[in-house]
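Peer 1: Sequence:
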Amino acid sequence: MKEVKTPKKPLAIYYAIVLLVLMLLNFVLVPWMSERQVKEVDYGTFMSMTEDKDIGRVDVESNQIIFTDKDEKQIYKTGLMNDPDLTQRLYDAGAEFSSEIVEQASPLMSFLLSFVLPIVLFVWLGNLMNKKLIEKAGGANSMMFGGVGKSNAKVYVQSTHGIRFADVAGEDEAKENLQEIVDYLHDPKKYEEIGASMPKGILLVGPPGTGKTMLAKAVAGESNVPFFSISGSEFVEMFVGMGASKVRDLFKQAKEKAPCIVFIDEIDAIGQKRNSGQLGGNDEREQTLNQLLTEMDGFEGNSGVIILAATNRPDSLDPALTRPGRFDRRVPVELPDLKGREEILKVHARKVALAPGIDFNTVARMASGASGAELANIVNEAALRAVRAGRKSVTEADLEESIEVVIAGYQKKNSILTDKEKCIVAYHEIGHALVAALQNHSAPVQKITIIPRTSGALGYTMQVEEGNHYLMTKEELENKIATLTGGRAAEEVVFGSITTGASNDIEQATKLARAMLTRYGMSKEFDMVALETVNNQYLGGDTSLACSAQTQREIDQRVVDLVKAQHEKAVKILTDNRAKLDELAKYLYEKETITGDEFMAILEEKDPSEK
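Letter by letter, the sequence shown follows residues 1 to 611 of the UniProt record's numbering.
None of these hints come from the bench; they were simulated from the model.
There's no promise every hint is true.
Across the chosen pairs, the derived CB separations fall in these ranges [stated by the list, open to error]:
| no. | residue 1 | residue 2 | range |
| --- | --- | --- | --- |
| 1 | L125 | G79 | 41 to 47 Å |
| 2 | K131 | N504 | 50 to 56 Å |
| 3 | Y520 | A166 | 37 to 43 Å |
| 4 | T87 | T45 | 17 to 23 Å |
| 5 | D92 | N63 | 20 to 26 Å |
| 6 | L125 | T45 | 27 to 33 Å |
| 7 | K524 | A353 | 27 to 33 Å |
Keeping only pairs whose Cα atoms sit at most 16 Å apart, straight-line, the calculated EDC-like set for lysine to aspartate or glutamate is [said to hold, decoys possible]:
| no. | residue 1 | residue 2 |
| --- | --- | --- |
| 8 | K524 | D561 |
| 9 | K422 | D561 |
| 10 | K273 | D315 |
| 11 | K339 | D172 |
| 12 | K252 | E295 |
| 13 | K591 | D419 |
| 14 | K39 | E72 |
| 15 | K447 | E592 |
| 16 | K474 | D527 |
| 17 | K422 | D527 |
| 18 | K422 | D582 |
| 19 | K447 | E400 |
| 20 | K580 | E605 |
| 21 | K339 | E465 |
| 22 | K70 | E51 |
| 23 | K346 | E374 |
| 24 | K564 | E478 |
| 25 | K70 | D92 |
| 26 | K252 | D268 |
| 27 | K580 | E554 |
| 28 | K420 | E590 |
| 29 | K73 | E40 |
| 30 | K339 | D419 |
| 31 | K474 | E525 |
| 32 | K511 | E532 |
| 33 | K511 | D561 |
| 34 | K569 | E475 |
| 35 | K586 | E421 |
| 36 | K77 | D42 |
| 37 | K572 | E492 |
| 38 | K77 | E40 |
| 39 | K273 | E286 |
| 40 | K447 | E466 |
Note that beta-carbon positions come from the ideal geometry of N, C-alpha and C, so glycine has one too.
Working from the sequences, and respecting the hints, build out all of it.
Peer 2: Following this line, the structure appears as structure tokens:
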């Protein structure tokens, strides 16, 4: 169910309202009140105004006289004297006798207007602004409105969503691990009879986009039980203690709806390692974590509540959270292999109209290293491309082009290279492809193009492995470095100069050579010594050196020597095959995009049109 939110007014509107009210008080009410204020004068002034016929209305009371001036702009009062001729003089002066003057100059009304009304007005405005500020700080959970510590977990019911394991492809091992949970929720007695109990918590770990959240929903769908979903960041609030209160409320709701599943996404937001007391432990996140540890450890084995959590940073979680008894089982949700990618593409392709004869195996090989979310995006990009082309179905060419869009970006329609630049790029890309083809243990060339892309690439060479490749030998890695240097080597062999086009090749070759020395132990000098550690393996895999400054200098020198040796090998290969280099570069220059079959046909001295 979609939550409809009322749009909030900017705070500046409330400041404008306050300013407007103050202006009204200043320019309208206050002058009117000051004008209507009763002014006390002596009896002589009253007599003078009577003689000058400057008297408007008069009210003679038992102990005082209240009167106005001729224009009735000011009210006066004076004491009553023994004056028998007073009434006649007032008639002669044209005064009107009235008793309404007393009501207009009522002290009670003056008190209400001058004292009570401003206080009430400012109290109301203060409460209004205070309410808005608290809502911005704590939302519906603000302490002044009775929502303290309420959980924001969304509850999903299987009948409304219906996600099943069949909708999650490419993660067979993860589904097998989670199938036990489904079976337990369906029939817990057979586990209780033998004395077995289900894990209290299951931690899903893996890179972004691999389907951790979808797997959790599939467990709920297969089990036909309520599914609570909440993000770890929703527990953390501005006020200390509110996150812990939310945890208590969430687990209270879960127990009431048991059997059920509680899914906490991005649990590292509250589950990070504590600071060991060095800086104190009274912060909001740590209190929330402590409450979560207490709630999880207090569950009984037969409560029917299963805790699922997902994270991309398992190394940052507190050991007390991941120990047995809390999160007993860790389920890796890794990037799919070739078969998994093919199955994921087929699942997402059900939603679009497909042309006959699509080979999903070929598409899956081209999308090596893609996550489930990226594969879903590839299918959607292919459908959008088919619509732009005015077709009613998606072809294999659409899928292949969408992969290139994900890898290198869209084609730049308005980017036109000069003839010289186009020639240099053609030789550069053929240099990559030719070095790869003339070495052993290199992935076959799938496509070569010199059409600029929005990622900044002026061209690229696509190599596609024929199957799953989990291990790489030292020779294969060296050949890969040589292939990366092949573009620059072609520029040197043909033009005798170099350009900026090899910047990305240089970065990749250097990174690969350094990994061979520091992480893979592929050097005689350092042998099997780990000189580099990987941090956040699921979020880019940042590395940090763990060695002395002298060793770092030696590593830098070895990296330079390794890349330089492979660069020289690439130059030799292209020099020895200069005729083929020229022939292939000329063909690519004319066609702009060629397939791997066309490339191999020319290399093997066949007709490129015979595929």
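Peer 1: State for each hint whether it applies.
Peer 2: Status of each hint after checking the structure:
1. L125 to G79: 41 to 47 Å: 43 Å, holds
2. K131 to N504: 50 to 56 Å: 55 Å, holds
3. Y520 to A166: 37 to 43 Å: 39 Å, holds
4. T87 to T45: 17 to 23 Å: 19 Å, holds
5. D92 to N63: 20 to 26 Å: 24 Å, holds
6. L125 to T45: 27 to 33 Å: 43 Å, violated
7. K524 to A353: 27 to 33 Å: 58 Å, violated
8. K524 to D561: Roughly 14 Å separates the two Cα atoms, so the pair holds.
9. K422 to D561: 32 Å, violated
10. K273 to D315: With Cα atoms ~9 Å apart, K273 and D315 stay inside 16 Å; holds.
11. K339 to D172: Holds, at about 10 Å.
12. K252 to E295: 10 Å, holds
13. K591 to D419: Judged against 16 Å, a Cα distance of about 14 Å means the pair holds.
14. K39 to E72: 13 Å, holds
15. K447 to E592: Roughly 11 Å between the alpha carbons, so the hint for K447 and E592 holds.
16. K474 to D527: 13 Å, holds
17. K422 to D527: 44 Å, violated
18. K422 to D582: 14 Å, holds
19. K447 to E400: The hint holds at about 10 Å.
20. K580 to E605: 9 Å, holds
21. K339 to E465: 13 Å, holds
22. K70 to E51: 12 Å, holds
23. K346 to E374: Distance of about 14 Å is within 16 Å: holds.
24. K564 to E478: 11 Å, holds
25. K70 to D92: Status holds; Cα separation ~14 Å.
26. K252 to D268: 22 Å, violated
27. K580 to E554: With a Cα-Cα distance of about 39 Å, the restraint between K580 and E554 is violated, given a limit of 16 Å.
28. K420 to E590: Satisfied, since the Cα-Cα distance of roughly 13 Å is no more than 16 Å.
29. K73 to E40: 15 Å, holds
30. K339 to D419: 43 Å, violated
31. K474 to E525: 15 Å, holds
32. K511 to E532: Satisfied, since the Cα-Cα distance of roughly 12 Å is no more than 16 Å.
33. K511 to D561: 14 Å, holds
34. K569 to E475: 13 Å, holds
35. K586 to E421: The given pair, whose Cα atoms are some 13 Å apart, holds under the 16 Å limit.
36. K77 to D42: 8 Å, holds
37. K572 to E492: 11 Å, holds
38. K77 to E40: 5 Å, holds
39. K273 to E286: 9 Å, holds
40. K447 to E466: 14 Å, holds
Comparing the model with each numbered hint stated earlier shows that hints 6, 7, 9, 17, 26, 27, 30 do not hold.
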